[in-house]
Amino acid sequence: MMFLTLCVVLPAVLALPARRSPNEACKYRVRSLIDRICVPEGNLEDCNNMAALSALRFSCVPARDRLECLEKIKEREADFSPVDPEDMYIASKLPDQDFQVFKEIRTKEEPAEEFRYEAVALVHKNLDINSVEELRGLKSCHTGVGRNVGYKIPITKLTKMGVLGPHNDPDLTARENELKALSSFFTKACLVGKWSADPAHNTRLKSTYSNLCELCEHPEICDYPDKFSGYDGAIKCLAENGGEVAWTKVYYVKKHFGLPIGGVAPQTPVADVHPEDFAYLCPDGSKKPITGPACRWAARPWQGFLINNDLVSSVSDLRTQVSLANTEGVESNADWLNKVLTINNKTLAIDNEQPISPQAYLDKGIKKIYI
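Read in order, the letters of the sequence shown are residues -15 to -1, 1 to 356 in mature numbering (1 follows the signal peptide of the UniProt record, and there is no 0).
Simulated from the structure, these hints should not be mistaken for lab results.
Some hints here could point you the wrong way.
[Unchecked claim] Listed next, with one range per pair, are the computed distances between beta-carbon atoms:
hint: 1; residue 1: 145; residue 2: 317; range: 45 to 51 Å
hint: 2; residue 1: 317; residue 2: 276; range: 41 to 47 Å
hint: 3; residue 1: 192; residue 2: 271; range: 34 to 40 Å
[As the list claims (entries may be wrong)] As a list, the in silico DMTMM-like pairs of lysine to aspartate or glutamate whose alpha-carbon atoms are at most 25 Å apart:
hint: 4; residue 1: 137; residue 2: 348
hint: 5; residue 1: 124; residue 2: 257
hint: 6; residue 1: 212; residue 2: 261
Glycine residues also receive a C-beta, built at the ideal position from the N, C-alpha and C atoms.
Produce the complete structure using the sequences and hints provided.
Next comes the structure, spelled out in structure tokens:
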């Protein structure tokens, strides 16, 4: 917020250090009605278009990039800015910071879900397995090569657990090291996508590690579109095509089996599915029914909006202004809605219960995924 600042002149002997916070330098502040949003310079024109709307009380503060926006909020040169979880991680490490996440950007389909996604391992309930090590030799269903939930997270977690074999052969690319490790660990899989940007190399890799394509609808192609690719496709691979573990999101498990999503009434399930026949495989090797809380392998927080601690006492006004901007942008189909507020026609700004520090916000999930 923009403030009229009334400073008390102190004797020289009590002079403040050259670098000081506004709280140290000034005794009184009078809040104005303008909230200062920080935006990268490339989005300044769109921001000014947003600020020109009579219903909104915004002014725009340009910065080189989102990192400088964090500095401007910290130094009280701006009031707030939209941020990704990665920005929150950086914000949490800045010295002398007092940031607070005061609003989240969630999907309209999942407004009550705590995380943007929760990555899980889905198995048949009667699968004879009591530890993660026993995944070795099973048949695995993945969303696609290079994707977070169905590729990066299982590789990262299984490696950290000491279960997945080494993938650091200097004679192989990073991608081939990963594929080789998965191919050695699982007997069969469906892992579609472009394994290499070079067509000839892509073909060679899929020939060398062909078992990673055997569970796909079209093993000889092993690429999109494929019935057994993607979040729901991985579940179908498990349920219909001989898979024994599927790496997917909680949201798609609930959707596939017709379970409540975010407190909303049950969805229409895929025909002939029986949720009681499946379970979440937990990182400790235990299993949990999919009708209850999931045991996740990783979770990604939502995007959000960041302020400094000076704004917490009047955050309700700012929350109202952001929500109003959200509504105005949707109704007018404005370009600034996405470019400035990072909201689109599938998302909306949601108030969290209380402003929370970036570190605490990330700690709700698994912070190491963003490092």
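Broken hints, by number: When the structure is compared with the hints, none of them turns out to be violated.
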